[in-house]
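J.: Chain by chain, the residues run as shown.
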Amino acid sequence: MGRAIVITSGKGGVGKTTATANLGTALAQLGYSVVLMDADIGLRNLDVVMGLENRIVFHLVDVVRGKCTLQKALIKDRRMDNLWLLPASQTDDKDAVTPDDMKRLVLELKNTHDFVLIDCPAGIEQGFKNAIAGADEAVVVATPEVSSIRDADRVVGLLAAADVPARLIVNRISQHLVKRGDMLSQADVIEILALEMLGAIPLDDQIVATTNKGIPAVLEGKSMAARELSRIAMRLAGYEVENAQPVGWFTRIGRALGLAATPA
Amino acid sequence: MSSSNALEFDDADPVPELVEETCADASMLDPEHVARISAALGDPVRPAALLRGTARGLEIVLDGRAGVDAIAAALNERLAEAPGFFRGSDVRVRVEDGPLAAGCLARLDEIASRFDLRVIELGAARNDSAPHEAVPSDNLAAGSAPSPAPEATPETVERGSDRVYAGSAAIPEGVTLTSEPYEAIVVDREVSPPANSNDDTSLDKLLVAPAAAAALDTLARANTELIDLEAEIEAQPEKTRVVVGPIRSGVILDHRGHVIVFGDVNPGAEVRAEGNIIVLGRLRGTAHAGIGREVGFILALRLEPQQLRIGRMVARAGDKDAASSEPEIARILSDSITVERYQGRLPRDLAASI
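Taken in order, these protein sequences are the chains called X and Y. Residues in the first sequence are numbered from -18 upward in steps of one, following the numbering used here. Residues in the second sequence are numbered from 262 upward in steps of one, following the numbering used here.
No lab work stands behind these hints: they were computed from the structure. From the three backbone atoms N, C-alpha and C, an ideal C-beta is built for every residue, glycine too. Hints are not guaranteed to be accurate.
What the hints assert, rightly or not - Looking from chain Y toward chain X, a few residues come up when the C-beta cut is under 8 Å (computed):
id: 1; residue: A333
id: 2; residue: A334
id: 3; residue: N337
id: 4; residue: A341
id: 5; residue: R509
id: 6; residue: S510
id: 7; residue: V512
id: 8; residue: G529
Stated by the list, open to error - Listed next, with one range per pair, are the computed distances between beta-carbon atoms:
id: 9; chain 1: X; residue 1: T72; chain 2: Y; residue 2: S374; range: 30 to 36 Å
id: 10; chain 1: X; residue 1: L88; chain 2: Y; residue 2: G605; range: 51 to 57 Å
id: 11; chain 1: Y; residue 1: D596; chain 2: X; residue 2: N224; range: 34 to 40 Å
id: 12; chain 1: Y; residue 1: G318; chain 2: X; residue 2: K194; range: 46 to 52 Å
Produce the entire structure from the sequences given, and follow the hints as far as they go.
T.: Structure (structure tokens):
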């Protein structure tokens, strides 16, 4: 039985979809069988970020309505054999499915895959309720901005009320802005949200470039953001990975002597 | 329609005369007369039971004129539509055109326990069209029968006597309203048990207090069934509520006694208490202490609130206030909310408010 993880944030535009695509791809790179599920019905994006939009024939709402089987709607990734996408419909709205539908769907996917990553729409309305219905755990994405943190805080409260344990990713953090005192640090974010931290993704131009190309950054490059996303994926899978602090020579020597990532 | 924050709804005032008429009759406490007037107000096809989400949580509105079975059936039906959704919720029960028929409370209890609901308040319906005005303290102080003064809403029809007493105990004589009253909070809330009357807030205790003598008289003439309902609710003494934080954005924590929070109160969250509020963490949201009273304090290890309210006073954080680095206490000093360093002991005038 696999794990269903919903990626959510409350506020829009903080990087949920990009995080979902990259974490899913990174988990697939680790050898797990992964399904990415786009729960943003009516405003689907995950297919674009994955570069799979022209392969969509059936989608999530078709499956719920019994127009096709779940297997038929799943799109296999171009690059990896163990990564799949269940696209959302672009024409229906959030009321087209119910939380019960989602629960059933997620359960079926969990039976055949190790991870089901659910890309949650922005907001806390029906779409949010649908997206978290089948989830075993949640990853909350927040950027170091007051508005994003406020929304994330609200979402964490709602997740707690629904008994979904949550962990945190801080996205688009810029160390030099933090140093200058112009940006909240990840410590500030954690202090307010009081959540376990999965990682802090640095602000990175390459993410923009790869996202527009439809290639998850973790496949492409060695960018800072891509490496942090890979580390977060490993943490999700249960590995203990040390933080990407700016490291001195002594630490590097330590790492070379075998203090690298070890399974939990 | 119903909202705890009546402040936003003050301008709606369509039928004030009707309301006052009802209230004038209420002072005579003639239930039949009240029922007749309510019927004359007319809303013939109202369901026997209604579920309503309000800013303060779930509210059940019962039609006092309906039979026990009709109410139970309607309530069952509504709750059964989404049984999981309501599970574990706190509900407030309002009775419109009460009193309820005999035996209704037992059914209500049974239904509540079946759906895992907790009834935290029970009372007569309030009419949102009633004028929300701050209650002048001298109107309440005497403990006389309710006057058809502006504070009289339909709520006072049945709860009037109780309200008079509670009010007179809660607002000390001689306390005058300040020039910046936080209107409607007092009016909008349920009857406040006097938090300074030692520890027991049960109705029995209330009635023994000497100031209640006049109220007792009025109460005796009120509908006995309703008193039973209230006694049952009031019999659960709630003095202090201890909560483990963080209290997150969007959450409203509302309690009739004191509140102690272990952890932070985040921006966008609100803690309301009729007693005092102590936050063993950062207070970054809004805190309202001493609701229905004019005394109380808010104490926090780090006091960085969006807004502080005590009784009817409001204070807003300054735009350039530095973050606090030590425990601070907010209280009312000479008609404004004052924040000062907490020196490890309660200022003398506040000790009485515990």
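J.: For each hint, tell me whether it holds in the structure or not.
T.: Consistency of the hints with the structure:
1. Restraint check, A333(Y) versus chain X: the minimum CB separation of about 28 Å is more than 8 Å; hint violated.
2. The interface hint given for A334(Y) is violated, since its Cβ lies 26 Å from the closest Cβ of chain X, which is over the 8 Å cut-off.
3. Because the closest C-beta pair between N337(Y) and chain X is about 22 Å apart, greater than 8 Å, the hint is violated.
4. For the restraint placing A341(Y) at the interface with chain X, the shortest Cβ-Cβ distance is roughly 16 Å, beyond the 8 Å limit, so the hint is violated.
5. Taking 8 Å as the C-beta cut-off, the interface hint given for R509(Y) holds, the closest approach to chain X being about 4 Å.
6. Interface restraint check: S510(Y) against chain X, minimum CB-CB distance 4 Å, threshold 8 Å, status holds.
7. Taking 8 Å as the C-beta contact cut-off toward chain X, the hint placing V512(Y) at the interface holds, the least distance being around 6 Å.
8. Nearest Cβ of chain X to the Cβ of G529(Y): about 6 Å, under the 8 Å cut. The hint holds.
9. Judged by the Cβ atoms, the range 30 to 36 Å given for T72(X) and S374(Y) is violated: they are separated by roughly 45 Å.
10. Here the CB-CB span from L88(X) to G605(Y) is close to 56 Å, well matched to the stated 51 to 57 Å.
11. Taking the beta carbon of each, D596(Y) and N224(X) are about 52 Å apart, not inside 34 to 40 Å as hinted.
12. Between G318(Y) and K194(X) the Cβ separation comes to about 48 Å, which falls inside the hinted range of 46 to 52 Å.
In summary, the numbered hints that this structure violates are 1, 2, 3, 4, 9, 11.
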